[in-house]
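> The listed protein sequences correspond, in order, to chains E and P. Going by this note's numbering, the first sequence wraps up at 512, each residue one higher than the last. Going by this note's numbering, the second sequence wraps up at 409, each residue one higher than the last.
Fair warning: there could be bad hints in the mix.
Claimed, not checked - Only pairs whose alpha carbons sit at most 30 Å apart, straight line, appear in this in silico DSS-like list of lysine-lysine:
id: 1; chain 1: P; residue 1: Lys356; chain 2: P; residue 2: Lys368
id: 2; chain 1: P; residue 1: Lys212; chain 2: E; residue 2: Lys510
id: 3; chain 1: P; residue 1: Lys403; chain 2: E; residue 2: Lys362
Worth flagging that the hints you see were computed from the coordinates, not collected in a lab. Keep in mind that this is a model prediction, so the values were computed, not measured.
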Amino acid sequence: MAKAGRLSKVYSCFTEGSVAVMSEIEVSVMPGIPTFSVIGLCDSSIREARGRVLTAIRASGFTCPKGHITISISPAYMRKSGSGFDLAMAMGILFASGQIPEPTGKAYFEGELGLDGKLYGTPNAVTRLGLSARSDFDYRIIPYQEEAGAKCTQLSCMTAKSLRDAASLFGSGTYFPTCYTIDEKLDEMPEEEYPDISCLKGQEKCKRAILIAAAGFHNLLLLGSPGSGKTLAGRIIAGLLPPLEDEEIPICFAVRDTSSDIRGLKYSRVRPYRTIGPQISLTGLMGSATGLKPGELQLANRGVLFADEICEYKSEIVQAMRKPLEDREAVLFKNGISFKYPADFIFVGAGNPCRCGLFYEKGGRCRCTATSRRNYLANISGPFLERIDLFSEMRSISRSDMEMIYTGAGLKAQSPEWRERIREVWQMQKSRYKEFGGGFNATVRSEDLPDLMRIPFDVVSYATELAGSGLFSARAFTKILRCARTIADLDQRADVAVDDISEACMFRPKEI
Amino acid sequence: MDDPNVMADLIYVAIRVTTKVDYRTVKKLLTSGVISSYRDLSDFGRFKDLSGFGIEKGSSLADKIESFVSKESVIKKVASNYYEIMQKNNIYTVSSLDKDYPYNFRMQSGMPQVFFARGRRELLTHLNTCGSACCVGSREASKYALYAADRFSSELSKQGITIVSGMALGTDRSAHYGAIDKPGGTIAVLAGGCERIYPPENKDLYEELCVKGLVISEMPPGMQVLRQYFPSRNRLIAGLSDCCMIMEAGDISGTLHTASFAASQGKDVFVLPNSIYYDNAKGGMKLLADGASVLLSPDNVIDDVMQAILYRRLECPELFADTAMPVSSAFRGSEILRCRKKADLEPEAMSDDEWKVIIKDELTMGPKNIDELCRVIALPFYRISRLIVSMQCSGIINDENGKFTLTIV
Chain E
1 MAKAGRLSKV
11 YSCFTEGSVA
21 VMSEIEVSVM
31 PGIPTFSVIG
41 LCDSSIREAR
51 GRVLTAIRAS
61 GFTCPKGHIT
71 ISISPAYMRK
81 SGSGFDLAMA
91 MGILFASGQI
101 PEPTGKAYFE
111 GELGLDGKLY
121 GTPNAVTRLG
131 LSARSDFDYR
141 IIPYQEEAGA
151 KCTQLSCMTA
161 KSLRDAASLF
171 GSGTYFPTCY
181 TIDEKLDEMP
191 EEEYPDISCL
201 KGQEKCKRAI
211 LIAAAGFHNL
221 LLLGSPGSGK
231 TLAGRIIAGL
241 LPPLEDEEIP
251 ICFAVRDTSS
261 DIRGLKYSRV
271 RPYRTIGPQI
281 SLTGLMGSAT
291 GLKPGELQLA
301 NRGVLFADEI
311 CEYKSEIVQA
321 MRKPLEDREA
331 VLFKNGISFK
341 YPADFIFVGA
351 GNPCRCGLFY
361 EKGGRCRCTA
371 TSRRNYLANI
381 SGPFLERIDL
391 FSEMRSISRS
401 DMEMIYTGAG
411 LKAQSPEWRE
421 RIREVWQMQK
431 SRYKEFGGGF
441 NATVRSEDLP
451 DLMRIPFDVV
461 SYATELAGSG
471 LFSARAFTKI
481 LRCARTIADL
491 DQRADVAVDD
501 ISEACMFRPK
511 EI
Chain P
1 MDDPNVMADL
11 IYVAIRVTTK
21 VDYRTVKKLL
31 TSGVISSYRD
41 LSDFGRFKDL
51 SGFGIEKGSS
61 LADKIESFVS
71 KESVIKKVAS
81 NYYEIMQKNN
91 IYTVSSLDKD
101 YPYNFRMQSG
111 MPQVFFARGR
121 RELLTHLNTC
131 GSACCVGSRE
141 ASKYALYAAD
151 RFSSELSKQG
161 ITIVSGMALG
171 TDRSAHYGAI
181 DKPGGTIAVL
191 AGGCERIYPP
201 ENKDLYEELC
211 VKGLVISEMP
221 PGMQVLRQYF
231 PSRNRLIAGL
241 SDCCMIMEAG
251 DISGTLHTAS
261 FAASQGKDVF
271 VLPNSIYYDN
281 AKGGMKLLAD
291 GASVLLSPDN
301 VIDDVMQAIL
311 YRRLECPELF
321 ADTAMPVSSA
331 FRGSEILRCR
341 KKADLEPEAM
351 SDDEWKVIIK
361 DELTMGPKNI
371 DELCRVIALP
381 FYRISRLIVS
391 MQCSGIINDE
401 NGKFTLTIV
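The whole structure should be built from the sequences, with the hints applied where relevant.
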């Protein structure tokens, strides 16, 4: 019979959408008929913990206290789910029943228990561990399987493989936390290598557009005939981007470990490169609101989203992308609450310029009428086109160039050199936009672009003149300024020049 | 006799003049493989054994060969006589195997394989790249026609267009004098040998032409000027030029020959308008009625010649490939050629305006997309794009479905 009621308090956290919420877990063991109740708007995955927790305690050589066991998980007004509370509950019971001395100070636990007392990781670990790292705890114990998550959030904690491991750290005073850091030797490039930019031989415009897009995080639209290398171009961009920074790694992998199996999460510095095709569903793109599962938009955050055959998409898909492209975030609504996910990526759209795809080819092989072309491109024209900073047409390359690319003769790899240059340009942008919430030339939010981007007055008035002459619309004005800034950055010039504006105009998509 | 080619040319001319061998015979010999170029005719030993070429004894071809081979000594004597006169008068031969053989001759049948010339040979190259116009008319022309001939010739020659005429009195004389000191220069096509001054009243003009211009003839040196040679001379005048200007022509006139040769060679004929009551201009007025163009200003002719040159550039770009060619500064296309030359030799010294000239020139030969422009112009993409946009702004070029076209040709 247990003594008069005892209370223990431990901490864990859960995720709601992309945010983690800290929760306090109070365990009270009161004398009385043995019961086990979990309160605090928990769903069945938490209520089921009873079986796992009690059996695991027994299997680990402890005893289940007899009496009322009440576990309250706060904040009580929020719905929670998931099996990540198992370890916290079990530890709370052990503390409350006095089987292990309760530590002085705050203790953080997470992990799912098996019936045999083994400890498992749960999804969304990176998000939770990120919050845990930002909060102040004296003890942090997480499942061994979540070690990768601890590394990318740079958490100071100990890992445990079982409940017994976790319990043994208390009392005898053997809690010596490890300060996890991001591994020094992380893969910067995926195993399957990205193609080199020299593969785009003879397509100078596209080549330049790719460089500008990668350097300033601009959205890019490529239209060209089948086989002109559009998919290749997308992969080349991904290969030109600098690797993920330390602070970006948890952001990127926070969304990724919800969808893939946490138990095998491998983190690296490889920037996300997501490809979508015409068959993608709205949920697949935007994420699922009911399950708060991120879609491709969220997964591509800080990387590249490559939309293949964009002209073939259903209209709703293209229109749904408009807002995320503008705001650089994707919002999911569940029960009237909005969950914001960052969706800050380089959008690369690729498609055919008309139904037969040969519109830009030489020799007038395209037989599409102007009307059929307009219908074909209706989806991506108008408001969608305004989200595009750079446009380039692509054509099939000549036979000799093709031969050169396949044999690799006479081609010098240029990507490494350009990657280095782009890394420098990114650094420049980082320091320039520090006070404006960061961002890139394409994404920084500011009212006074010319001042911030060092665009002299005469250059702005030149751009105004061009806008007046009908070369681009007034609404594209800021896009032109932003692109011009990137072009100047690539040339390592402090001020934007008139020529940069001219070049930026070359990449304006034409109203089709 | 230092150059065997010159001798071969002379022997060819001598054979054509002294024997019955005509261009058909030469053509047959070429197709049967006995000779590989007309110059092989000078190699008489070649014709001793004709077995293996499918030429039967007793056939007309064999007879013709027979007839000229037997005259070997006569032919050689005639040729060396030509050579002597040539030496004395600084005459040289121009053959179809030469690089500066006029493109217009090459493109038409019935033009001489070899012709004789005296004066500035570089005018022939100039003619190929900068174009030419012939200016012909009556010998007893009105003051109006003479004035017009002088004005038009001088205007066109100022623009680098070579004036071709026949060194006759009246219109021809005015035309030559109008053009002689100008960059385009002038060429006289004579009916007799190159050293024969006909009419003798034009001695002053002839002498000036030999220094500042060019005198050519298909007739070998020493050949007399005969009436019956004039029509064939007129054929060369029309054949050499890119378009034809008729200043004044009577009802029955050699000028009309020139006009009809030009028309049948597909060249535009311009006729200076005149009074319908003036008898000596009736032939010209009839040409107008038949659909010739009215000569209103030199611009008509310049546009026409430019058109011809454009086609020539498309057909035969190697003619223009030689950027080392001397270019007169007044010619409209000279800016293009100068810029091309500079782009080849010292691209870093090129100004934006000079590059624009090249871009414009590339687009003259058909619409091109930006990647094609990058391929033909040795500039990095960003520089080309900057030029293109500024040209777009000034309305010189237009973007049509991803290809750039010239708005003003």
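> Each hint needs a verdict: does it hold in this structure or not?
Comparing the hints with the structure gives:
1. Between Lys356(P) and Lys368(P) the CA atoms are separated by roughly 14 Å; this keeps the pair inside 30 Å, and the hint holds.
2. Taking the CA atoms of Lys212(P) and Lys510(E), the gap is near 56 Å; set against the 30 Å cutoff, the hint is violated.
3. A C-alpha spacing of about 10 Å is found between Lys403(P) and Lys362(E), which places the hinted pair at or below 30 Å, so the restraint holds.
When held up to the earlier numbered hints, the structure conflicts with hint 2 and nothing else.
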